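Novice: Chain V is fixed; fit chain G onto it per the hints.
Each chain, letter by letter, is given below.
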Amino acid sequence: MISKPYIKLKNVSKVFGQNPDTVIDLVQNNIDKVELQNDYNHVIGLQNINIDIPKNKIQVFMGLSGSGKSTLIRHLNQLIRPTSGEIVVNNVNVTELNKKDLINFRRENFAMVFQKFALLPHRTVLSNTYFGLQIRGVKSPELENTAKYWIDKVGLDGFENYHPNQLSGGMQQRVGIARALANDAPILLMDEPFSALDPLIRIEMQDMLITLQKELKKTIIFITHDLDEALKLGDNIAILRDGKIIQSGTGQDIILNPYDSYISNFTAQVNRGKVIECEKVMKKLSKDTFSNVTITKETKLEEAVRVMISNNINEVDVLNSKNKYIGTVYLNDVMASIINPIDEP
Amino acid sequence: MSILTEFPSIDTETLRSLKKSIDAGFKNFSRNYGDSIESFFEPVRFLLIESEQFLINTPWPIIMAIIAIIAWAGSKNIKIVVSVVMILLLIGYFDMWENTMKTISITFVAALLAIVFGIPIGILMAKSNFFQRVMNPVLDVMQTMPSFVYLIPVVMLLGIGKIPGLIAVVIYSIPPMIRLTNLGIRLVNQAVIEAADSYGASNTQKLIYIQIPLALPTIMAGINQTIMLALSMVVIASMIGVTGLGQPVLTAIQNQYFTLGIFNGFAIVGIAIVFDRVSQAYGKRIQESHGTINDK
Chain V
-18 MISKPYIKLK NVSKVFGQNP DTVIDLVQNN IDKVELQNDY NHVIGLQNIN IDIPKNKIQV
42 FMGLSGSGKS TLIRHLNQLI RPTSGEIVVN NVNVTELNKK DLINFRRENF AMVFQKFALL
102 PHRTVLSNTY FGLQIRGVKS PELENTAKYW IDKVGLDGFE NYHPNQLSGG MQQRVGIARA
162 LANDAPILLM DEPFSALDPL IRIEMQDMLI TLQKELKKTI IFITHDLDEA LKLGDNIAIL
222 RDGKIIQSGT GQDIILNPYD SYISNFTAQV NRGKVIECEK VMKKLSKDTF SNVTITKETK
282 LEEAVRVMIS NNINEVDVLN SKNKYIGTVY LNDVMASIIN PIDEP
Chain G
427 MSILTEFPSI DTETLRSLKK SIDAGFKNFS RNYGDSIESF FEPVRFLLIE SEQFLINTPW
487 PIIMAIIAII AWAGSKNIKI VVSVVMILLL IGYFDMWENT MKTISITFVA ALLAIVFGIP
547 IGILMAKSNF FQRVMNPVLD VMQTMPSFVY LIPVVMLLGI GKIPGLIAVV IYSIPPMIRL
607 TNLGIRLVNQ AVIEAADSYG ASNTQKLIYI QIPLALPTIM AGINQTIMLA LSMVVIASMI
667 GVTGLGQPVL TAIQNQYFTL GIFNGFAIVG IAIVFDRVSQ AYGKRIQESH GTINDK
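Chains as they are written, first to last, in the numbering used here: chain V, -18 to 326; chain G, 427 to 722.
Bound conformation, chain G alone:
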């Protein structure tokens, strides 16, 4: 009984033609629409290039000062500011400044896009149980599908370069933004919502005056996770032409340059720590000003 030893699959011929026709269809699609899709992403490319140019061309002491000021504004903690500056000084001293700026640039743009799209989607999910049921499997796919798999169609459509890399990073890093926005809004104390209803608050007023402010600590945790994931995608994205700290790591893997790999690897860890500490400290400060996360 071959049916027990071998799984009854469709025969090789059918399978091959199936794959062939899908591939052909997609190739056709990308030939016909590739250009218009590319022009659709033009604003993003512009943003990406501008931010990269700004970070690279501005003298490093100014950039360092800007980052230190942002760190201070976010954390109000001198220890965090000092360690941020120390990390950046070390990165610069080991001649990784330019690549670091490129990585910060793409991480920044990717996180920005994830926030801009993620928060509204998260709000919609919180408002509609149906939309939540639809989105959950989509988010599961985005988080678990190996990134190389969705890199293929993106590269076919847009070629190799910054934009497909950015898209891959955004797809990979947006789910926690969406999920935590949804969660944060759903966890807002129902008694407070009822109070708002009793005073005649509209849905928009509830969202602006109550749900978003009270969900903000959770949303901040989502932003933090999004940034971390975006950074961790930098190496993979370097395979399709994203410049920055990922590229030397890729070279190091291919040529077994241990030191090159470890230096650049540590630089990625370094900026991850910078992003993480600053955004977490900021989230914590919001939480403290609300003061009431515990007594929900």
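With the rest of the complex left out, here is chain V:
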């Protein structure tokens, strides 16, 4: 499933302070964040980040505040320049671009959604939405038509002539998303886009993003501090702490094999039934015939339980993508996997 990396970060480090170059060797040699701060008066933003991001997937970076996740996302479009390291986007090393090339590269490759929306307060919803296009030199009437299409798409039909301050937070972020999508850039950077929204609106927006992504298949970099959000949206998740990636993988990998106690503290709160797939608890068997109630190996445990209970059965057969029988899951095993193991570190 893993395609060729579309975005590649190689040994990226960022140091904030008076003379970052003087301490970059220490940072590359894994000096501790606190030590650098106390002894050298510099702050680590990112430390030796290495990650490959595949095309057309949602890559989530999760971390608490101060973990460097917002710094990291700004390195991709070079709003922040790294102190050392290489960032390759679509075969272009963006760290080497000069100012003019960088501006063009941003126009063609990136659109960004911000936590605090960052809409232009003096512009209407319509002209906010076509801002990115206008920057790229697209002219009327294509400008308005494209903007209108995306405004409808995010469910703001009829609000074209409102100003941002007349809209609720959720609606403002819909404008932010419409602005990003109207740009038709292959990479969508989302910096905690839903963190400032009410829980119910947040879920609504997450669902909208999932629906849109099914159709658009963009490369989305999504920042969040919420593991549930990360698991719901992310094809891949990288967990950041103190400017370092401490674990990277699919949501299921992270839930089943948390790297350390820091991560297992997070995963303990998670509804495992929504993340773990049946393949993980399936007994591999082989037989030629199978019952008429079946599930696929990607079915989440919670869904498997629902199937079994509604059919009043204790086991259900699992098929692969070619509709071939590959094994059976048992209600007991499923339930055991859904509850949190007590003996975790």
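These aren't lab readings, by the way, just hints derived from the structure by calculation. Note that this is a predicted model, so its numbers are computed, not measured. Each hint should be verified, as a subset may be incorrect.
[Said to hold, decoys possible] Straight-line Cα separation of at most 25 Å, SDA-like style, residue types lysine to any residue; simulated pairs: (1) G:K632 - V:L78; (2) V:K81 - G:L633; (3) V:K81 - G:Q616; (4) V:K81 - G:Y635.
Specialist: Positioned in the frame of chain V, the structure of chain G alone reads:
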């Protein structure tokens, strides 16, 4: 110990020769370059004379209608338009129409020049911290130096008349224009600038699409201040030959004509109120259409 009771200054002879040589140097300069500098200001003189001629020669009802229309376009407030017309009617009734037109003319030209030069300088200051550091003391000098002091070299160069008066008015009234443009642009929400950067906006695009529109309410406040200061310089400028409402005030001071002074003084206050209310109402309307000055 005379050094404690008397400040150790350079001796009178040296000081006198220093002043003499500077004066002589400047006199030479103005003899040699006075004419070319004067021709440099020719377009400004032309603008000044044309606008004055237009205001004086056009029948007063037309001028009044034009001003009322401008007031309406700026404020969209019928109360302001009515009070503007009332003030102008009173000024005309007390036979100060022509002088008022002359004053409006020079204020208009001075404000125009202050805007044309002030806004770009303010933008440059906002873009460059170095330029801001250079400009700040210059602006301090312009605002605090007594205007008579810089009137001397201007009069030496250009003689007495409208142009030196105009230059004095512009020097005095341009600093708030520059400062508030600078401030307005610097106060634009950084998150919005970052958003523009992320979409690949060039510096010019950021300026046109974001910084100037968002700084506009502050810039309007600068224009308002500039007009007020220009008006307040009218009396001083009348000492070097600027005609208008300042001249009767000057005559009144010299001859102790109390009533003449107070009438013309009130006329200046009257047009100040007109300019102020209209430009402020306009600034407020821009602010409302942005709607978001508070939630920065």
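Novice: What's the verdict on V:K81 and G:Q616, does the C-alpha distance respect the 25 Å limit or exceed it?
Specialist: Distance of about 21 Å is within 25 Å: holds.
Novice: Measure nothing beyond the straight line between the CA atoms of G:K632 and V:L78; if it is 25 Å or shorter, mark the hint as holding.
Specialist: holds, 20 Å
Novice: Going straight from one Cα to the other, do V:K81 and G:L633 come out at no more than 25 Å?
Specialist: holds, 17 Å
Novice: Hint check: V:K81 vs G:Y635, CA-CA at most 25 Å. Holds or violated?
Specialist: holds, 19 Å
When held up to the earlier numbered hints, the structure conflicts with none and fits them all.
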